[in-house]
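*Asks:* As a plain string of letters, each chain reads:
There are 2 protein chains.
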Amino acid sequence: MTENKENQPIYSRLAVIGAGLIGSSLARAARETGAVSYVSICDLDPDVRAEAARLDLGDVRETVEAACRDADLVVLAVPVGAIGAAARACAPVMKSGAVLSDVGSVKGEMAQEMMQAADTRIHVIPGHPIAGTEKSGPAAGFATLFKGRWCILTPLEEQGEGYDAEVARLKSFWERLGSTVELMDTKRHDLVLSITSHLPHLIAYNIVATAEDMEQVTQGEVVKFSAGGFRDFTRIAASDPTMWRDIFMHNKEAVLETLGRFSEDLAVLQRAIRWSDGDALHDLFTRARSIRRSVIEAGQDVDVPDFGRVTKPGDDQD
Amino acid sequence: MTENKENQPIYSRLAVIGAGLIGSSLARAARETGAVSYVSICDLDPDVRAEAARLDLGDVRETVEAACRDADLVVLAVPVGAIGAAARACAPVMKSGAVLSDVGSVKGEMAQEMMQAADTRIHVIPGHPIAGTEKSGPAAGFATLFKGRWCILTPLEEQGEGYDAEVARLKSFWERLGSTVELMDTKRHDLVLSITSHLPHLIAYNIVATAEDMEQVTQGEVVKFSAGGFRDFTRIAASDPTMWRDIFMHNKEAVLETLGRFSEDLAVLQRAIRWSDGDALHDLFTRARSIRRSVIEAGQDVDVPDFGRVTKPGDDQD
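First to last, the sequence lines map onto chains E and C.
According to this note's numbering, the first sequence is numbered sequentially starting from 1.
According to this note's numbering, the second sequence is numbered sequentially starting from 1.
It is worth saying that the hints were derived from the structure and are not from the lab.
A quick note: this is a predicted structure, and the numbers were derived from the prediction, not measured.
Treat the hints with caution; some may be incorrect.
Identical chains share a label here; the pair holds if one copy fits it or two copies do between them.
[Unchecked claim] Computed cross-link-like contacts, DMTMM-like style, restricted to lysine to aspartate or glutamate with a CA-CA straight-line distance of at most 25 Å:
(1) K95 - E65
(2) K187 - E212
(3) K252 - E264
(4) K252 - D283
(5) K135 - D283
(6) K187 - D213
(7) K147 - E182
(8) K252 - E157
(9) K135 - D279
(10) K187 - D277
(11) K252 - D279
(12) K252 - D277
(13) K135 - E32
(14) K135 - D303
(15) K95 - D72
(16) K147 - D303
(17) K187 - D119
(18) K252 - D265
(19) K95 - E166
Make a model of the complete structure from these sequences and hints.
*Replies:* Set out below in structure tokens:
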């Protein structure tokens, strides 16, 4: 294998389907790192296509079929609820030996849909870069989004000859973009992400809604005094509603299981408050503190107060 | 009143009791802005006192009594569970006409305790700057912590002559430090903060604990893939355990009420996921998104993706 050599493209032609935050970042990153020689990009929304053209994200095509016909790698960067339809549009026109992948936050159901859409001429390798921001749309993307982040690939089982080599090639593609790649089975992916990503978003959406309902009572005070902690949750809750609706609809089992554990734990905490069990509260808060250190040590967050925002005077309202 | 004039000290002598994040920031800010001429500071912990001296936060005193004997303004910057004891130590030795305030995140019970500790010679004006980071200790403080933030004062009712003027003076003190001051009654304060600060922290502690319990199942993956949203919660959950234990023990009523609303809302969301009610999910997520805009517009958070952390290459793990 020589694909991993510096400066040499890993794929000749990349097609990105969906030009939102992730798709547009992928198009930029693949070109800027030289991971591919050519990028075609398509989005069902004409306004998004126009913006993708204006931003020069690649060769913008009117149809999914036109975008992926000659591609060596097709990446579906659409909400998980649209992955099945996108795969069914792409797979029949893709050339033999090409790779079909995605960036969806749910892998079990999505891998099934992609597999059913594809015949044995092409290689289906589901993927999920653990990267993103609360912003949406083509202009929100940037080439370094995947740098220093993890990317999970969930290869299918019992695939034909050459499949493992294609997995290795897709791995080196993501590594070129700056990611560290982990292989995992789809079920495990969906469980891990239910706690590291899906539940946090659900909770954030929920607390913001609770606060909004109390807003009538407190006349704007919720927003005014949000620096007490609440504002952190509003960031996550600003993420794309369609994307998140789809995630919860398609990772139902793992999310409900994880949510069940969360609610049990919350009931215990509620009881400790009601009965003034200070030791129980202190023990739990101390345990929680230690996991922050692990996150910092693993390089998964910055170790500056308030994510660095209060110490940057220009960002403040003064 | 002339206290509000630029460059002129608002109080001659400030005593800060407790040299943690808030106390040390207050000492720095009061001196750097010229809001006071002199700062004495005390902490019950000898190690913290030694560090306060090393950091030159003010005249470090061995005892609370020595720190506040000559002060015009005494601010208790201790965990809310320690406010009563601190007030009882300070009040008897304070000079007539001096002001006793605090920075506690709970005001109802704390105002009662301060009032009971003080006689009519001194003015009790409870306060709460809505500012802080997840860091603790004297070295974590900085002079601009209160800049661009709100500070709530909860003046007592039925006070003697001169009280209103002292409230106005304390207001101008916080304004000199860069804060905007809001007056509020204690009950309303405790309800507003239960949703903007106390519940977010409780939820963050809880989800981190839930994840930690799942950690055995997922072998470090929770930490590894925390950039999917979870890491935001770990920051808040890194806050001081003693401080937060005390807050939940002393704002029990409002926290349990707000938590009850949160749990009801979460049950509705859980049901929508179980029954695949995509429209309900999408509607709620869209509503939540709009409150983020209000927070940004109110100047209570930065409007950069991921709080600015991913776009600062130096902070990343590359």
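*Asks:* Are the hints correct? Go through all of them and say.
*Replies:* Evaluated hints:
| no. | hint | in the structure |
| --- | --- | --- |
| 1 | K95 - E65 | within (11 Å within a copy, 83 Å between copies) |
| 2 | K187 - E212 | between (35 Å within a copy, 20 Å between copies) |
| 3 | K252 - E264 | both (18 Å within a copy, 19 Å between copies) |
| 4 | K252 - D283 | between (32 Å within a copy, 18 Å between copies) |
| 5 | K135 - D283 | between (36 Å within a copy, 18 Å between copies) |
| 6 | K187 - D213 | between (36 Å within a copy, 19 Å between copies) |
| 7 | K147 - E182 | within (15 Å within a copy, 43 Å between copies) |
| 8 | K252 - E157 | within (23 Å within a copy, 53 Å between copies) |
| 9 | K135 - D279 | between (40 Å within a copy, 21 Å between copies) |
| 10 | K187 - D277 | between (38 Å within a copy, 23 Å between copies) |
| 11 | K252 - D279 | between (35 Å within a copy, 15 Å between copies) |
| 12 | K252 - D277 | between (34 Å within a copy, 11 Å between copies) |
| 13 | K135 - E32 | within (21 Å within a copy, 38 Å between copies) |
| 14 | K135 - D303 | both (23 Å within a copy, 10 Å between copies) |
| 15 | K95 - D72 | within (8 Å within a copy, 81 Å between copies) |
| 16 | K147 - D303 | both (18 Å within a copy, 22 Å between copies) |
| 17 | K187 - D119 | within (23 Å within a copy, 66 Å between copies) |
| 18 | K252 - D265 | both (20 Å within a copy, 18 Å between copies) |
| 19 | K95 - E166 | within (15 Å within a copy, 80 Å between copies) |
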